[in-house]
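Read off the chains here:
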Amino acid sequence: MKLLLIEDDRQTAEHLTRGLKELGHSCDHLDNGVDGLAGALAGQHDAIILDRNLPGLDGLAVLTALRAQGSRTPVLLLSALSQVDDKVAGLRAGGDDYLAKPFSFQELIARLEAIVRRRGSENAAQTTLQVGSLTLDMLARIARRDGRRIELLNKEFQLLEYLMRHAGQVVTRTMLTDAIWDYSFNPGTNVIDVHVSRLRGKIDAPGEPGMISTIRGAGYRLDAV
Amino acid sequence: MPSDRRHLLHSAALRGALWITLIALLATGVALTVQYMQTTRLLEARTHALVDDEAASLLARYRADGVRGIAMAIRRQQDVPRVNEFFYLLATSNGEPLVGNLLEWPVDVEQPGYHSFTTKVASTGEGWRERRVEARAIVLPEGFRLLVGNLSDERQALRDQYLSSLVWSLLATGALGLALGFWYSRRGLAFVDAASATGESFLQGRLEERLPVSERGDEYDRLALTMNRAFEEVERLVGSLRAATEGLAHDLKTPLTRVRARLEVADLEQADAGRMHDVMADSRQDLETILQLIEDVLGLARVEATAVAHLAPVRLDVIVAEALELYDPVAAERDMELVSRIEPAQLPGSRSLLAQMVTNLIDNAIKYTPAGGGVTVALESIEGAIRLVIADNGPGIPEAQRAQALQRFTRLDPSRSQPGSGLGLSIVAAAARVHRASLKLDDNAPGLRVEILFSRL
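Protein sequences, first through last, are from chains W and R. The first sequence begins at 1 in the UniProt record's numbering and counts up by one. The second sequence begins at 1 in the UniProt record's numbering and counts up by one.
The hints are simulated quantities; they were obtained by calculation from the structure and are not laboratory data. Just so you know, even glycine gets a beta-carbon here, dropped at the ideal spot from N, CA and C. It cannot be assumed that every hint is accurate.
As the list claims (entries may be wrong) - Label pairs and their computed distance ranges (CB to CB):
(1) 9(W) / 275(R): 29 to 35 Å
(2) 168(W) / 348(R): 40 to 46 Å
(3) 142(W) / 277(R): 39 to 45 Å
(4) 281(R) / 182(W): 31 to 37 Å
(5) 383(R) / 9(W): 52 to 58 Å
(6) 325(R) / 130(W): 26 to 32 Å
(7) 212(R) / 61(W): 46 to 52 Å
(8) 337(R) / 22(W): 47 to 53 Å
(9) 168(W) / 325(R): 41 to 47 Å
(10) 325(R) / 149(W): 34 to 40 Å
As the list claims (entries may be wrong) - Below are the DSS-like pairs computed for lysine-lysine, each with C-alpha atoms no more than 27 Å apart in a straight line:
(11) 101(W) / 202(W)
(12) 367(R) / 440(R)
(13) 367(R) / 155(W)
(14) 87(W) / 2(W)
(15) 101(W) / 21(W)
(16) 253(R) / 101(W)
(17) 155(W) / 202(W)
(18) 202(W) / 367(R)
When you get a sec, could you build the whole thing from the sequences and use the hints?
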């Protein structure tokens with residue numbers, strides 16, 4: 001991915017740039033809002049990582065200006081503030097996702113991939129999702145693997161839908177609590193793990209290879225097998 | 001002290017006293033003047049009636065007997081002592097006195113009608129005296145002039161009395177008003193002084209400072225009570241911040257020390273790649289713990305900063321049901337019974353905080369209940385309140401430790417065998433406070449019973 005990082009904290013920026021390059025992405029870095037806005041409008045980036053508190057021009061102002069200029073590049077907002085209101089304000093201004101500091105690098109990567117992918121597929125109003133032999137009929141709310149029907153509870157259905165929409169990408173626990181339960185906090189213990197392992201038990205019949213793998217220190221990934 | 005005198009001159013008390021005095025002076029002055037004017041008008045009307053009456057009888061004599069008739073009537077009246085002493089003067093057209101008990105025609109009486117003047121009046125036996133007279137001048141058809149009047153000395157006396165009583169009243173009102181006003185304002189100022197001193201002392205770090213509250217229950221007391229509540233809240237927050245900082249420092253130090261030790265040992269050992277991988281994995285685990293802890297601390301701070309004023313109605317029953325749905329598989333996995341009894345309930349609140357409160361409580365209950373145990377969640381509307389009860393049959397918390405359990409960073413399990421920052425119940429307590437709900441920990445015999453009572457506002 002070709003990324004643009006707008007962040008005034010030198011250490012954070014250095015660390016992120018190095019990590020992103022390590023993973024094979026290219027990453028430009030600008031350290032203030034004015035240059036950041038210019039850079040965002042000039043370059044063709046796959047996604048922009050934008051800090052909310054910037055010298056010169058505040059992150060939200062950069063985002064608002066960017067959207068006003070018609071740019072549709074996905075934007076991931078970073079912020080030391082993690083109140084629900086800040087998040088709402090960020091998303092309302094045209095942000096695609098919001099990540100509160102401190103965050104893990106894995107979380108950042110997972111969310112970046114998710115927003116870039118979402119941009120790619122959002123035009124297609126899909127009624128059926130398919131990953132390998134797994135299909136999800138969103139209208140009839142029926143899941144099948146190799147034609148075998150899988151009975152799912154409401155939350156399990158939403159969980160599977162989310163994993164399938166992000167198939168091949170790492171999905172973190174925080175992304176799941178955010179998207180499925182709409183909780184802005186960590187519900188604790190291993191609640192999400194339990195839900196995922198239940199879902200696993202339903203989609204993988206005995207003898208079938210597992211479709212959902214656990215990525216240590218990061219989250220889960222659903223792959224076609 | 002000069003500074004004291006200046007203080008007094010610039011004080012709100014003096015200003016207050018001056019205002020009060022000024023108002024009292026104005027009120028007194030207006031009252032006395034109105035009374036004086038009404039009295040003089042009454043006296044004047046009475047005098048005019050008498051004079052008119054007298055003049056009418058003289059004019060009747062004139063119509064019957066001419067000037068001679070009037071002169072005779074005047075002479076006769078003068079000789080008869082009367083209660084109401086009248087004054088008469090019959091004069092020629094150029095003011096030459098003909099008959100009457102006034103010495104001369106007053107210079108400034110030219111026009112017919114009522115006039116008030118001082119003139120020389122013949123008094124019985126002793127010659128002439130200066131008297132104040134209210135008289136009516138009449139011009140007779142033949143050019144003669146007639147003056148009929150009555151003494152108006154009493155009006156003069158009234159006027160003098162009015163002036164002197166005005167002066168005395170104003171003096172008394174002024175003195176009293178100043179004294180009372182100063183005393184009254186002084187009381188307010190004394191309170192303000194006390195409040196300033198207390199606030200100053202509070203600012204210098206004596207957080208136990210409080211304003212004195214009297215028994216009167218007046219506005220000053222209400223203000224003092226409110227300020228004392230604010231002081232208490234600040235003291236509580238500072239105290240809890242201090243405890244939190246100490247707790248946080250302690251809880252951060254432990255994993256950080258572990259990470260450092262691990263890195264140092266690995267460095268000394270010149271660890272190989274495989275060993276290094278383990279060191280990194282363990283360190284990452286410790287760092288995760290630290291980040292989670294920081295996240296919880298921030299979460300708690302957020303809860304505490306939530307203002308109750310911004311809360312919109314939310315469905316608590318829906319929030320509880322969602323949390324139960326989230327934890328159902330967890331309970332099932334631990335072979336635990338999760339029983340619920342939920343009635344519809346709506347209250348002004350923050351969905352996020354309430355969800356955090358409910359999930360924390362259910363999480364705790366499940367975490368501390370042994371496999372095969374049970375957790376009960378009940379939400380019901382009772383008179384004027386909504387009651388949420390979450391009970392388990394785990395080990396419970398001994399009564400002596402229940403208050404401590406709500407403090408930050410308290411983990412009653414000294415081995416710290418369960419994961420968590422120890423902030424769970426503090427977050428619950430803070431969320432309850434934001435919603436003005438009471439939080440009670442009880443014995444569930446066996447187990448812990450947490451009751452949260454939301455009173456309907």
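Outcome of the hint check:
no. : hint                        : verdict
1   : 9(W) / 275(R): 29 to 35 Å   : holds, 33 Å
2   : 168(W) / 348(R): 40 to 46 Å : holds, 44 Å
3   : 142(W) / 277(R): 39 to 45 Å : holds, 44 Å
4   : 281(R) / 182(W): 31 to 37 Å : holds, 32 Å
5   : 383(R) / 9(W): 52 to 58 Å   : holds, 55 Å
6   : 325(R) / 130(W): 26 to 32 Å : holds, 28 Å
7   : 212(R) / 61(W): 46 to 52 Å  : holds, 51 Å
8   : 337(R) / 22(W): 47 to 53 Å  : holds, 49 Å
9   : 168(W) / 325(R): 41 to 47 Å : violated, 28 Å
10  : 325(R) / 149(W): 34 to 40 Å : violated, 23 Å
11  : 101(W) / 202(W)             : violated, 35 Å
12  : 367(R) / 440(R)             : holds, 19 Å
13  : 367(R) / 155(W)             : holds, 22 Å
14  : 87(W) / 2(W)                : holds, 25 Å
15  : 101(W) / 21(W)              : holds, 21 Å
16  : 253(R) / 101(W)             : holds, 20 Å
17  : 155(W) / 202(W)             : holds, 13 Å
18  : 202(W) / 367(R)             : holds, 25 Å
The structure fails hints 9, 10 and 11 (numbered hints given earlier, in ascending order).
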